[in-house]
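Protein chains in written order, with numbering that gives the first Met the number 0: chain A, 0 to 434; chain B, 0 to 165.
Some hints here could point you the wrong way.
Listing some non-contacts, in silico: residues in chain A with all C-beta distances to chain B over 12 angstroms [as the list claims (entries may be wrong)]:
#, residue
1, Glu-30
2, Pro-88
3, Arg-157
4, Glu-193
5, Gln-250
6, Asp-287
7, Arg-299
8, Leu-336
9, Ile-371
10, Arg-397
11, Ser-431
Stretch-level coverage of chain A by chain B, calculated; a stretch enters the list once three of its residues show a Cβ under 8 angstroms from a Cβ in chain B [said to hold, decoys possible]:
#, segment
12, 119-129
13, 133-143
These aren't lab readings, by the way, just hints derived from the structure by calculation. Fair warning: this is a prediction, and the values are worked out from it, not measured in the lab. All C-beta atoms in this analysis are idealised placements derived from N, C-alpha and C, irrespective of residue type, glycine included.
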Amino acid sequence: MTEPRHIPITLPVLARVEGEGTLELRVHDGEIEDLRLRIFEPPRMFEKLLEGRDYSEVPDMVARICGICPVAYQMSAVHALESLFGVRPTEWIRAMRRVMYCGEWIQSHSLHIHMLAAPDFLGFPGMVEMAQRHPDEVRRGLMLQALGNDLIRLLGARSVHPVGVRVGGFYRAPKQGEIDSLLEELRAALPQAEALVRWTASLGFPEDEQQFTCVALRHPDEYPMNEGRLVSTQGLDIPADLFEKHFVEHQVPHSTALHCLHDGKPYLVGPLARLNLNMDRLPGHVRDVVDGLRLGFPSRNMHHSIVARAIEIMIAVHEAIRLLESYREPHSPNINLRPVAGVGAGCTEAPRGILWQRYEIDAAGKVRRARIVPPTSQNQARIEDDLRQSLRCFGTDRREEELRHHGERVIRNYDPCISCATHFLDLRINRSASG
Amino acid sequence: MKRVLVIGIGSPFGDDRLGWEAAETLRRSGDISAATGGIIEISHLDHPGSLVTMPWRDTDCVILLDAVRSGALPGTPHCLAADELAGAGLACSSHGFGVAEAVGLIRALGGMPSRLWVRGIEADPSWAGMSLSPAVASALPAFCVAVAKEALELSFDHPTANANPA
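The task is simple: from the sequences and hints, build the whole structure.
Structural data, given as structure tokens:
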């Protein structure tokens with residue numbers, strides 16, 4: 000005889016997760032029978048909104064998808080369109096795109112580490128409470144975030160939804176004076192970024208090794224941002240335009256966001272996946288620091304994601320310095336191009352993982368079709384897998400409050416940017432036992 | 000002479016423009032800069048998170064200008080002291096990081112100016128236009144006159160200045 004016990008729990012505000020969703024858990028005799036991360040953000044129809052618009056409008060429009068990672072949306076879009084138009088960016092454009100991406104990684108990762116993730120490890124409900132006990136660390140995080148915003152503003156005119164990017168380059172080249180003052184800030188920030196890596200590595204981590212497939216870009220020489228082949232820990236190695244052959248999005252009844260699977264299985268994208276697949280692409284000094292940590296990378300512990308983010312901040316500060324030290328004002332910040340009809344795809348590394356876009360353009364340069372696969376939809380199935388494993392190890396007989404807190408913490412490791420709306424998560428547990 | 004910072008917070012849309020419009024009106028009027036020689040600084044921000052990284056320790060008074068939604072009649076002026084901001088200091092997410100959360104964090108970091116308050120006008124929740132709603136637009140001139148008078152009195156440390164706004 001089964002005697003079900005319904006224990007609905009409503010958490011009115013789930014702070015520190017970017018999005019809106021519900022975690023539903025059905026437990027029978029202590030075993031998880033069903034687990035669903037329900038995403039009910041309204042469909043945003045961006046791909047449909049792009050149809051009929053001129054190709055030149057795409058960078059400004061896709062920047063509006065996310066307030067935290069607009070540069071990623073712009074970069075994947077311009078690479079997709081330029082590959083279709085047969086345009087190769089100049090070295091200056093290539094370098095400045097990387098600098099701008101460094102800015103986005105620095106600000107997005109700093110935000111996540113200090114506002115969303117670190118309070119979990121230190122036992123505070125949020126950043127404000129953490130700031131009272133760890134003011135210097137929070138100030139350092141705010142400084143780094145502001146620096147990231149400054150880098151985005153340098154090339155994008157503003158840090159949120161920047162407007163400086165165009166297909167074929169930038170609308171404006173920064174003056175040498177702007178570069179010089181930023182270089183000073185970046186040099187001062189490098190030791191701070193290194194201290195941040197050591198600080199995150201000193202946080203206590205639960206033992207939680209899991210098996211999962213990592214997917215990221217890989218570049219012949221550099222830690223990947225804008226370019227590279229798509230690789231995985233299972234041996235995948237393809238050009239980005241073959242993404243659709245190996246990765247399939249599908250609708251699940253409990254989510255308005257599509258789930259994406261690689262050869263039918265969940266996979267991980269984002270800082271930990273990038274780092275695991277690109278340890279040999281770390282700049283020399285960063286590699287020394289990482290090797291000196293007591294944590295072992297590559298890592299199978301998702302709680303190490305906070306350290307991976309800090310390492311990527313250090314990479315980004317290092318890279319921005321390297322690229323800006325050889326800055327010269329160009330003759331032109333963009334190249335001429337002529338739109339041609341066809342299909343082009345682009346993939347870059349958003350702070351949260353690979354962001355793939357494909358555009359079909361007509362002979363007049365108008366968008367016929369667009370497809371955008373953001374990192375969070377790619378991570379959703381992996382998050383559910385992780386929750387199943389983590390909650391089983393944690394113990395499903397624990398109090399709902401403990402289960403909810405642990406579930407939230409697991410979800411936060413992925414820094415999901417579920418929507419740019421509100422932040423509600425209900426945990427609904429349906430427990431039953433055989434009588 | 001005291002250093003007074005007037006900061007308009009907003010976005011380009013509808014009544015959320017209020018902070019920017021008020022800051023621009025104050026800047027254009029010229030009375031403030033002419034009277035004090037720049038001790039009163041007027042600026043505008045697009046998101047409150049930037050307040051946290053502003054160097055406020057050398058600032059005596061900060062007046063934040065922002066649209067308000069409290070359920071009052073659209074166009075109603077508001078004045079809130081820092082400790083009256085609902086939700087200040089609560090756990091939050093970056094998407095919900097508003098003026099109250101920014102002030103809470105500044106306080107936690109020990110960087111509060113001597114005095115800080117928010118002056119605002121009740122927004123019209125039914126208004127969907129790009130410019131200010133009629134109710135807010137008609138309240139704006141008197142609102143700016145009041146803010147300018149207050150800022151000037153504060154900068155000269157006038158005894159009747161708003162030391163404890165209510």
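Here is how each hint holds up against the structure:
| no. | hint | in the structure |
| --- | --- | --- |
| 1 | Glu-30 | holds (32 angstroms) |
| 2 | Pro-88 | holds (30 angstroms) |
| 3 | Arg-157 | violated (8 angstroms) |
| 4 | Glu-193 | holds (21 angstroms) |
| 5 | Gln-250 | holds (25 angstroms) |
| 6 | Asp-287 | holds (30 angstroms) |
| 7 | Arg-299 | holds (28 angstroms) |
| 8 | Leu-336 | holds (30 angstroms) |
| 9 | Ile-371 | holds (20 angstroms) |
| 10 | Arg-397 | holds (22 angstroms) |
| 11 | Ser-431 | holds (33 angstroms) |
| 12 | 119-129 | holds (count 5) |
| 13 | 133-143 | holds (count 5) |
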